[in-house]
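K.L.:
Listed below are the residues making up each chain.
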Amino acid sequence: KQEVTQIPAALSVPEGENLVLNCSFTDSAIYNLQWFRQDPGKGLTSLLLIQSSQREQTSGRLNASLDKSSGRSTLYIAASQPGDSATYLCAVMGNNDMRFGAGTRLTVKP
Amino acid sequence: SQTIHQWPATLVQPVGSPLSLECTVEGTSNPNLYWYRQAAGRGLQLLFYSVGIGQISSEVPQNLSASRPQDRQFILSSKKLLLSDSGFYLCAWSTVGVNQPQHFGDGTRLSIL
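Chain order of the listed sequences is L and C.
If you're matching positions, the first sequence starts at 1 in the working numbering and goes up one per residue.
If you're matching positions, the second sequence starts at 111 in the working numbering and goes up one per residue.
Calculated from the structure, these hints are not laboratory results.
Any given hint could turn out to be false.
So the derived label-pair ranges between C-beta atoms look like this [as the list claims (entries may be wrong)]:
| # | chain 1 | residue 1 | chain 2 | residue 2 | range |
| --- | --- | --- | --- | --- | --- |
| 1 | C | VAL122 | L | PRO40 | 10 to 20 Å |
| 2 | L | ASN18 | C | GLY164 | 48 to 58 Å |
| 3 | L | ASN63 | C | SER127 | 39 to 49 Å |
| 4 | L | PRO14 | C | GLY164 | 45 to 55 Å |
| 5 | L | SER46 | C | GLU169 | 15 to 25 Å |
| 6 | C | ILE163 | L | PRO82 | 18 to 28 Å |
| 7 | L | GLY83 | C | HIS115 | 17 to 27 Å |
Note that the structure is predicted; figures quoted are calculated from it, not measured.
For every residue, glycine included, the Cβ atom is placed at its ideal position computed from N, Cα and C.
I would like the entire structure built from these sequences, with the hints used as guidance.
P.N.:
So this is what it looks like as structure tokens:
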């Protein structure tokens, strides 16, 4: 059974810092991995999706990497801003089954 | 463009009362539909998914049921709510296929008293 772990559970950084969020999964037989952002009391917004054949995806200040063999993905946020404060979730898609991590709660202080 | 709607946004219900949460998708046909629950401080747990009208798959045994009466309508129900049913419920859709991203609604915060 796929298990997805996100470390750290919470992270607080000053504005302007570059930061990395980590996601690990136990079963490397995945179709894709998706990073989401969730604001308090809101639904999920998709940030980046990496297909299993890809190594990374970039969107603006965000870069997500995937190392399927080691069961790891990272989300890199450059030049963080207070508006980046949210919970970031990673999810891996298996055989029509998406498993989520518990998320990393990010706070960017002005 | 495709949009997904969930309602209500928040709901407070007494133990033992019935439940009906609705989710509709616009701008696409024959989507896969999903219901998730997010307990406080925990990841999302898939409750049900549907690949077509009347086709429901359940991931975990529970007090809830789901129905898909129309192509783009997905309903989460319970006859008698339990305290443990409290949580944040999210509906999602994806296009057909195993490698498609899922798109989420804004969720329903359900509190059981």
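K.L.:
So which of the earlier hints does this model not fit?
P.N.:
Violated hint (a single one): 6; every other hint is consistent with the structure.
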